Amino acid sequence: MKLEAKIPSGPLADKWTEYKAHTALVSPANKRKHTILIVGTGLAGGGAAAALGELGYKVKAFCYQDSARRAHSIAAQGGINAAKNYQNDGDTVFRLFYDTIKGGDFRAREANTYRLAEISNEIIDQCVAQGVPFGREYSGYLANRTFGGAQVSRTFYARGETGQQLLLGAYNSLNAQVNAGNVDVFERTEMLDLIVIDGVARGIVVRDMVSGEVSSHFGDAVLLCTGGYSNVFFLSTSAKGCNGSALWRAYKRGAAFANPSFTQIHPTAIPQSGDFQSKLTLMSESLRNDGRVWVPKKAGDDRPPNQIPEDERDYYLERIYPSFGNMVPRDVASRNAKNVCDEGRGIGPTKRGVYLDFAVAIERLGVDVIKDRYGNLFEMYEMINDEDPYETPMMIYPAPHYTMGGLWVDYDLMSTIPGLFVLGEANFSDHGANRLGASALMQGLADGFFVIPNTLGQYIAKGKHPEVDPNCDEVRKVEQDAKDFNQKLLDIKGSKTVDYFHRAMGMIMLDKCGMARSKEGLNEAIEKIGKLKEEFWADVKVPGTGESLNQELEKAGRVADYFDLAILMCLDAREREESCGGHFREEHKTEEGEARRDDENFCHVTVWEHMGEDQAPQAHKEELEFEYVELTQRSYK
Amino acid sequence: MKLTLEIWRQKDANDKGHFETYELDNVSSHMSFLEMLDVLNQELIEKGEEPVAFDHDCREAICGTCGFVINGVAHGHMKRNTVCQLHMRTFKDGDHLVLEPWRAKAFPMVRDLIVDRSAFERIQRAGGYISARTGSAPDANSILIPKEQAEAALDFAECIGCGACVASCPNGAAMLFVGARIAHLGFLPQGQPERAERAKAMVAAMEQEGFGACTNYTSCEATCPKGVSIVGIAKMNKDYFNAKLFGGGNLGGKE
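If you read the sequences in order, they're chains V and S. For the first sequence, numbering that gives the first Met the number 0 begins at 0 and goes up steadily by one. For the second sequence, numbering that gives the first Met the number 0 begins at 0 and goes up steadily by one.
It should be emphasised that the hints constitute simulated quantities derived from the structure, not laboratory data. Bear in mind that the values here come from a model prediction, so they are computed numbers and not experimental data. All residues carry an ideal CB built from backbone N, CA and C; glycine is no exception. One or more of the hints may lead you astray.
Which chain V residues stay away from chain S? Per the calculated CB distances, all over 10 angstroms, these [what the hints assert, rightly or not]:
| hint | residue |
| --- | --- |
| 1 | Arg94 |
| 2 | Ser272 |
| 3 | Glu309 |
| 4 | Gly545 |
| 5 | His587 |
| 6 | Asp598 |
| 7 | His619 |
| 8 | Ser634 |
Some chain S residues near chain V, calculated using beta-carbon distances under 10 angstroms [stated by the list, open to error]:
| hint | residue |
| --- | --- |
| 9 | His29 |
| 10 | Glu34 |
| 11 | Phe53 |
| 12 | Met77 |
| 13 | His86 |
| 14 | Ser117 |
| 15 | Ile129 |
| 16 | Pro137 |
| 17 | Leu153 |
| 18 | His183 |
Generate coordinates for the entire structure from the input sequences, incorporating the hints supplied.
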């Protein structure tokens with residue numbers, strides 16, 4: 000497999016401008032002759048559908064939800080970064096780029112990350128034009144807040160529901176294009192497989208989730224914008240329906256998977272409360288602006304928080320990282336929370352929790368200011384935990400949240416299958432081994448509204464794109480495969496539910512491929528998950544039929560893919576004999592317990608190629624070259 | 000705790016539908032309402048019965064996917080809530096709960112507690128947006144918006160499109176939903192150029208879908224998970240009448 004990243008030559012700051020100046024274009028009259036299929040309608044997919052519709056392409060967009068507006072981008076809380084420097088605090092495009100590369104522990108591509116930082120400013124302009132009601136100063140100018148891993152204030156926000164507002168902006172733009180006749184949206188429709196003809200992506204097989212009907216759609220390019228796969232852990236901050244199946248099935252058709260083990264465990268989620276728990280709820284990172292993280296100094300201290308005197312508390316982030324304090328990046332905050340709990344200093348009923356305390360901020364700023372900044376988050380916390388965070392500190396614990404890994408793409412966002420593009424969280428490209436807060440919304444919108452409209456033209460203009468015969472053997476076979484896969488699940492008629500298997504796999508993954516990993520543990524996980532997978536295919540119970548709405552069948556297909564994806568994640572984590580960002584190998588740490596990178600041997604992207612159902616996948620490397628940043632030991636002290 | 004659940008079961012739009020009663024033991028007070036239903040469904044599947052179909056996704060009260068009626072109240076008895084964030088500690092041991100889907104002419108049945116809300120899509124597509132072509136936008140800070148105005152827009156923009164307003168309205172009206180978008184965009188300077196057309200188009204689409212009219216019951220506001228105010232309906236009516244009577248000519252004036 001040849002991996003050509005196709006990074007434009009020339010100085011870093013000019014690459015994108017030069018690229019746009021010289022890329023091939025499709026004439027306005029010809030664009031409407033090209034159908035583009037887009038799977039997923041979050042910020043990346045919804046944005047791409049709107050922007051490509053505006054350009055005149057014929058777009059078909061697909062989502063499993065009953066409305067494009069419900070894609071999981073909607074749940075992002077804290078904000079979106081941009082290098083506007085409206086605060087006059089020294090921000091520049093280069094600084095946002097540098098913070099992002101450093102935050103990712105130097106495991107992302109310079110050119111892609113720089114482009115992201117460069118586009119960040121256009122995104123804010125575009126969102127305001129769409130009517131996104133960002134937070135404002137009394138003067139009427141836009142307000143900013145600070146997020147982790149940065150010493151400037153560059154995060155734009157709409158209360159604690161920034162994702163919702165940005166997605167509604169993209170959704171409204173999408174609707175304008177539906178009204179204009181340029182975009183068709185297919186809701187409650189799930190992608191089952193990718194149609195590849197003569198080595199080129201030409202269509203998708205989908206299932207109507209209400210009627211159960213399986214059908215195919217054809218186009219000249221397919222865009223996967225299906226988000227991440229954190230639900231492999233069963234408990235995560237993702238929506239219940241979020242899944243990795245579109246990515247996985249494309250992988251099996253030849254799209255390489257990059258850095259699958261790079262997972263973000265977000266430091267501030269509400270701790271688990273019981274075995275029935277179905278998901279974990281995030282509390283925005285922005286809370287760390289005003290909240291102080293602490294645990295008791297003494298192990299096993301069971302006193303309620305307000306009875307623990309100040310000098311018996313350990314504000315461990317402020318102690319260990321005096322220059323960034325509570326605003327260290329997510330991987331660092333999560334790892335430290337795990338460490339203090341491992342020491343027996345965890346709090347709450349399960350002892351897997353730490354306090355996030357607002358007492359000082361409330362005293363300094365008053366309840367009204369805190370309410371204005373985080374009101375809805377405090378409300379949500381109280382709803383779930385039945386405790387008032389204005390009075391008692393919040394209890395938080397890390398939770399699987401985001402996957403930096405994803406399908407490999409080049410600078411054009413095209414995968415190793417020509418014609419298959421991958422946008423947003425679904426690709427691997429911009430965040431390296433750890434994503435900084437408020438950067439996911441930025442990437443989704445950048446890829447959808449600004450990158451793909453410029454890079455797709457090149458592919459469309461240069462290729463031939465003959466019409467697909469819907470009855471050709473390739474199409475028939477993929478359709479039949481997809482139907483057979485579902486029928487096989489229905490025919491097992493075993494004794495255990497899909498959730499039973501998913502939960503069991505999630506526990507293994509969280510334990511062995513979560514915040515800390517070791518060769519021994521990963522080997523154990525690979526073996527256990529392999530066995531569980533065998534048991535699943537022999538004993539899962541999926542009620543109903545495929546010919547109507549069947550929520551258990553939907554889940555079963557996703558979990559079947561998660562088994563294979565989980566094993567690939569473990570292989571990838573085992574192969575990477577270093578610690579970087581969220582990938583922490585017990586064998587590779589500094590004396591202070593921080594992640595120890597090995598730039599000599601692992602300054603690369605690991606790219607996995609599917610070699611067949613019963614074959615081991617093959618690992619390839621894309622070497623990362625850094626011309627503009629110096630690889631340093633990441634320090635937030 | 001122990002619960003008796005009376006749940007509406009209906010195979011599809013053509014089925015007549017009926018209530019089915021289930022007893023559920025060992026419900027933990029920490030569960031959310033949907034987690035309680037997950038437990039019921041696991042039991043049903045193990046017994047070889049069809050699980051209860053219900054819509055849900057984020058389970059954080061923001062995606063707007065979930066929603067059904069519990070004992071006559073959309074999203075249940077807690078104010079400003081969705082069923083995914085309704086916790087079992089607010090119920091008592093021995094409670095008898097009746098679960099029904101949103102019932103409205105404009106929301107056809109899909110199955111059990113799931114209805115088809117695509118009418119909302121068609122209303123929004125008719126004009127619930129600002130036509131801002133990608134690339135046209137001026138610098139974000141060139142459009143100044145007083146803080147109060149931006150906050151007021153956000154109060155309406157918070158609508159999650161769940162449909163509780165329609166389900167709780169005796170007339171099956173969607174005016175809170177439509178008014179929310181009209182007010183959100185109408186409060187912003189960027190939303191002014193298309194304000195009159197937006198009101199006309201969205202109201203026409205709403206009427207075509209078979210939603211009822213508002214007669215000021217205000218039950219929509221009372222059950223809205225985001226507390227969207229019926230002031231949105233007034234804004235919608237104002238914009239609509241101005242657009243119809245004066246062609247939108249006097250919309251640019253002061254509020």
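Hint check:
1. Arg94: 19 angstroms, holds
2. Ser272: 5 angstroms, violated
3. Glu309: Holds, since 31 angstroms exceeds 10 angstroms.
4. Gly545: 14 angstroms, holds
5. His587: 35 angstroms, holds
6. Asp598: 38 angstroms, holds
7. His619: 35 angstroms, holds
8. Ser634: 33 angstroms, holds
9. His29: 5 angstroms, holds
10. Glu34: 5 angstroms, holds
11. Phe53: 9 angstroms, holds
12. Met77: 8 angstroms, holds
13. His86: 7 angstroms, holds
14. Ser117: 7 angstroms, holds
15. Ile129: 5 angstroms, holds
16. Pro137: Given a least distance of 7 angstroms, the restraint on proline 137 (chain S) holds.
17. Leu153: 4 angstroms, holds
18. His183: 7 angstroms, holds
Of the hints listed earlier, the one the structure fails to meet is number 2.
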